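Colleague: Following the hints, position chain B against chain A.
Letter by letter, the chains look like this.
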Amino acid sequence: MSRVYREPAEVQAREDGRPARFVWRGRLYTVRSILEHWAVNREWWRETDPAPGGASPREIAAQPELAQPELAQPELAQPELAQPELEYWRVEASAGRGFPPGTYELCHDVAADAWTLRRVVD
Amino acid sequence: MSESRRRGTASEFTHLHVASSYSLRFGTATPAALVARAAELGMPALALTDRDGLYGAFKHVQACAEAGIKPILGADLALRLPQARARVTLLAEGRQGWASLCRLVTAAHAAAAGGASPAVTAEQIAQHSAGLIVLLGPASDVGQAVAARRSDLARRALDRWLGLGCEAVIEVVDHLDAPGSTHRAARMAELAAQRGTGAVLANAVRYLEPADSVVAQVLDAARHLVPLGSPAVTAREPADALGGARDGGAHARNSRAFLADAPTMAAIATRIATALGDTALGDTALGGTARALLRQTAELASRLCLDPVRDLGIGRHHMPEATGGRRAGSSRAMAQEATRELRIRCESARPPRRPGLSGRRAARTARDRMEHELVIITATGTASYFLTVADIADRIRARGIRCAIRGSGAGSYVNHLLGISAINPVEHGLLMERFLSPIRTTLPDIDLDVESARRLEAYQVIFDAYGEERTACVSMMETYRARSAIRDVAAAMSLPPDEIGRIAKAFPHIRARHITSALRELPELKASNLATPQLATVFSIAEKLDGLPRHVAMHPCGILLSDATLRDRTAMQRSAEGFALSHLDKDDAEIAGVIKLDVLGVRMQSAMAYTITEIARTEGDESAPDLDAIPRDDAPTYAMISQAKTLGCFQIESPGQRELVRKLAPASVDDLIVDISLFRPGPVSSDMISPFLRTRHGLQAPSFPHERLRAALAETGGVVVYHEQVLRILDEMTGCGLDEADLVRRHLSTEHGPRRTEPWFRAAARRRGYDRRVIDRVWEVLAAFGGFGFCKAHAAAFAIPVYQSAWLKRHHPAAFYAGVLTHDPGMYPKRVIVADARLSGIPVLPLDVNTSGDGWKVQEDLPPTLPADSPCAPLLPDSRPARLAVSPSSPPAGAPSAAAVPQLGVRVSLREVKGISDAEVERIVAGQPYASLRDFWERARVSRPIAERLVLTGAFDSLYPAPGPASSSAPQPALELTPEPAPGAVPRPSANPAPGFGFLSAPVPDPVLPPAPAPPTRRDLLARVGVLDRAASRASGRASAGSAGSSGAGEEAPQLFDGAVTDDWLAGLVPPGQLRDLDPAERVAAELDILGFDVSRHVLEFYGALLAGLDVVRSTGLARCRPGETVLVAGVKVATQTPAVRSGQRIIFATLDDAVGLVDLAFFESVQERCAARLFGSWLLLVRGKVRRSGAGTGGAPGSALVRPDAAPVAVTVNGAECWDIPALEEVRVSQGMPAVRAAMTAGDTGVAPGLTGGQGSPGPPAQPMIYGTGFALSPWAEAGGPGAALKHAPRNFWHASPGSSGQTGTADE
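Residue numbers (the working numbering), protein chains in the order written: chain A, 1 to 122; chain B, 10001 to 11310.
One chain only, chain A, in its complex shape (with noise of 0.2 angstroms):
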């Protein structure tokens, strides 16, 4: 059985990408050893909001004067479909000696350097 999250979580990892440790609700986990590692592109083309910065298409609609030339550039949502993965780390870890290990779902966004746990196994 496992429940699903998908909430932020901070995650320190290493220089290949594998994490060390992450904080989940207030608690600190050390990774005990990597059990599946994957990755899976975004869904990309379902985003609609243009590059970090810049003002969104609901916000352009509201004011134009928001929406400055660059804006129509493609140039700039570049960057953000460089890096489309999501990094998939399935962990055993544990919040520190003498709690028994779980399995967790850690993902990293690439793009947007950021982690959530997906879920966790019992």
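If you're looking for bench data, these hints aren't it; they were derived computationally from the structure.
All of these numbers come straight from a predicted model, not from anything done at the bench.
It cannot be assumed that every hint is accurate.
Quick list of simulated restraints, FRET-style, between CB atoms [claimed, not checked]:
hint, chain 1, residue 1, chain 2, residue 2, range
1, A, ARG32, B, ALA10130, 51 to 61 angstroms
2, A, SER33, B, LEU10162, 35 to 45 angstroms
3, B, ALA10033, A, ASP109, 23 to 33 angstroms
Every residue gets a Cβ at the ideal spot worked out from N, C-alpha and C, and that includes glycine.
Modeller: What follows is chain B alone, placed relative to chain A:
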């Protein structure tokens, strides 16, 4: 460094499984880009293993040679298993391996008949296994079994491959695309170890960088015609042996299939080895497994490196060993035999002597020239090539197909003697060296033009003569351009279909990579509101599809000829037309050393052949001219050309050419050669035209830089026009010889060529005694000339059909128009040719079921069919500036030779009817004549919509003639006076001519016609078609009880109605006059909709009141307007062009048909901001602009001062400043009157492109012109054309669109 030391080091890796963009809609990187990256990463070699084809092989080999790495070749093929599909990769070892690979790929395509995708069976692979390595990866049957954790099945599958005698190697790939990916890869390595089979590591590459996976995802969606993220992408891949959904990275889920560097691959190997340690072998194999995997990969790679010369036959010429069945022994004996035969044929040839060449001297010149060329041909070993081409040309002509030479081959006298070329190069000063010389390494190209309609027949002649083992068509890739890329990306991203069409059609035909800059720079796009953040992703990815191949097609003219080993050197597939299609494109053919013959279908050749047939049919065989024998000095023909009455003629009908021939006034074939050569970007760029024209018309004495250059330059009055002149100048000034001179000329056209050539040229010329002033002057010309000048031989080859078509137009106008209208060779829509025919006194006869044929036919024009109100009737005087208000008039001057055959007209072809099928045309013609509509319905058995269209266009009018003097096509008087609103025809522009309608008075019908039985109206006939159709379906329903439907085209149905349906019964059901007839506006609407052009009246007539009120000038009156005078012109837009012009501006040239002629317009960049969208979006245009006159005395540059207006013929153009949509203005006039029209015109807010109001689009930076080395600036958007559909046809929905709202960017719907 030795191979063994390089092998296996962790810093090197060779990819053995790589898909380039030649894996259609799969790979995203060109072979060259992949090779460049591999070389950059320090890789010793790179494989190319495209899916289902070898299209990229030679490009890969070429790129590897340039990058200094070794090529490996293979193919990724679908494997047909008893219950499933899989994929395997085949790699070629040595020459034998390459031959096996070619044959196997050919076999895969041969099995793909009927639209299935190419695939092979394991048995086929075994059959061609010599020199092939079978790579069994995740998508193979073995890999799928491993993925399904069925090690038993995996072992059995692997054993089967080994049992078939194939050298099988396991391919380990770990893309991390799902949980368990690495473990699966490890189990593959483990299986190999268990069975003692080799295993290699690969990355199944399909793009350069991780970020490109986005493009790969779009391609996957486009390939499967599903939206992104659709589960169907996986489901539709061939289901694997075990019912799973994997196909080895066939659909991109993540970004790992990139060309990874060696450290990354080593890391993957270690990762797999670690997983292997976890699962099976304990700690012993750790590290060792990774090393073994990498070592085996390197070993296999070094075994598979191909030698381009030894293994692929690059660098040799593979000539046909036989010409048409004749065989010879060794290649040297063969070459000697061919040389001997060529000499015999040349010596026995008696070229027809043309007047102008004097006897003995000419004979000696010719003899010397022949010997000179034979020496060159012997030295280059190309004798058998000349014989082969001559043989082919003979065979094509023997089939009665017109065949002419094109290109530099016309410079060879041997070609002339062999009968390949109709041009005597000695006569026109053409040079053999421009075509072939001993110091050129490439094979010469002899290109043949044949009738377009019989091109495939000509191909068949060649295939029959040389056999399919030696012959194949050249392939070419259709690639993504702006419109197609936007379509596929937007579809993948699930935009609504009509939205996709609107966006795509808003773009002109440009490259996909220019989408963003086009949005910024093109005025008509700035106004379109497409530059939104929502579409930014679509455009950004569409740009990345730029140039990716999407479809393999048959090259329009290339044919490969080789020896019997052709199929060992290229893979073949079957083209849609049924010919063997090589995977080589035209560049590859050259690299592969295979002869390529260009056999191009030329519509004008078909048009001329048809013209001759029509002359023979109407005047008897003895009257049909032999086009290749007519004298080439016919004064009336040149007079017609000089008056620019050249519509329909080959090459000289465009607005620019009509202007040029008027200024140049050609009087010989040599003049035509000059004319063709001058109408090129090169002469325009180095401003050759004006000095040439000045000396030609005696306004300026010819000047030569040096007396010794007179011989080279005399023919063009001192101006350099031709490549041949450059060769002669270089030869004269440096003594380098003509063959060397041609190399120098080629070098001059390269980017740094002029800079590098200059010191050599100056030194050599100084040694030959030229002073510095002369050298400076000549060098300036040569450097500017660059690669832009034109090959005179090429122009000479063009000049012959130019002259022939003009001669036909002058002497057999009716047959000529029939030919041109049937084969549509030109740039204009047919309405322009139709109008030209009328204005030349050749009436255009309406469609008639009893006399219309398969093509347009010359027919005697019997008086009743040409009523007084025909638009052929005189329109306007051309004695003074014609204003629309001026009414009755004399016929316009300029009928080519109307007096010669005044009684002939041309009859519209049945093929012009929208949607008519070949079989229907055939049945109609076979059944002619028909006695009644019922008779026609019963015997011609056309579908109901076709019958209705025939009725609407008046094709039955001659069966139901009106009694009395009034003609059948005259409008019904009573209806003319009280028209009812026609459903659908929304604009209805003055269908009922208002009083004071002076543009063209409609016939005033006699109100007291004698009472006579009226014929059925077209609406009556339409109703009768409905009755017939219902009766037919009832009859057939009785017969077969079920197959109803609206089609009367029953297959057999000998007697549909059992005699129950008679003419009288039909007339009783729908009596004549029951329904009102079509009014003139409705007739024209029907013609535009069904035929695409107006026959009964000119569409502009319906706007007479509007145009008269605005004082519009007609084309015939423009010549008499003052230069610089501001005028209004109006007409149907028949052409828009954006050609390359000297200033680097993008000028839009447009042409309007205004019923009495053509108005040529130019719109400069300064006005495009407000004009472009409407100009491209509207079909009927009103334009305000300034009259510009140019002639021999002017520079030809816009706005330049007139030197001597009376010295030479003058051409008139209008420089447009504003334009409006006529139907939109008419709507204003009808609802609010003329003052409101003028107000709307001032406000500028009428017509298409609603987004344009008030000049919303802020003027962005103008497009940056591209500057060439010669100083020639070219707008990047030149030649890109306009948005929307091609102008060849009237917008079909024209009359049904509301003028005010039709302004979507895609008005001109296809």
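Colleague: Each hint: holds or not?
Modeller: Results for each hint:
no.: 1; hint: A/ARG32 x B/ALA10130: 51 to 61 angstroms; result: holds (54 angstroms)
no.: 2; hint: A/SER33 x B/LEU10162: 35 to 45 angstroms; result: holds (38 angstroms)
no.: 3; hint: B/ALA10033 x A/ASP109: 23 to 33 angstroms; result: holds (29 angstroms)
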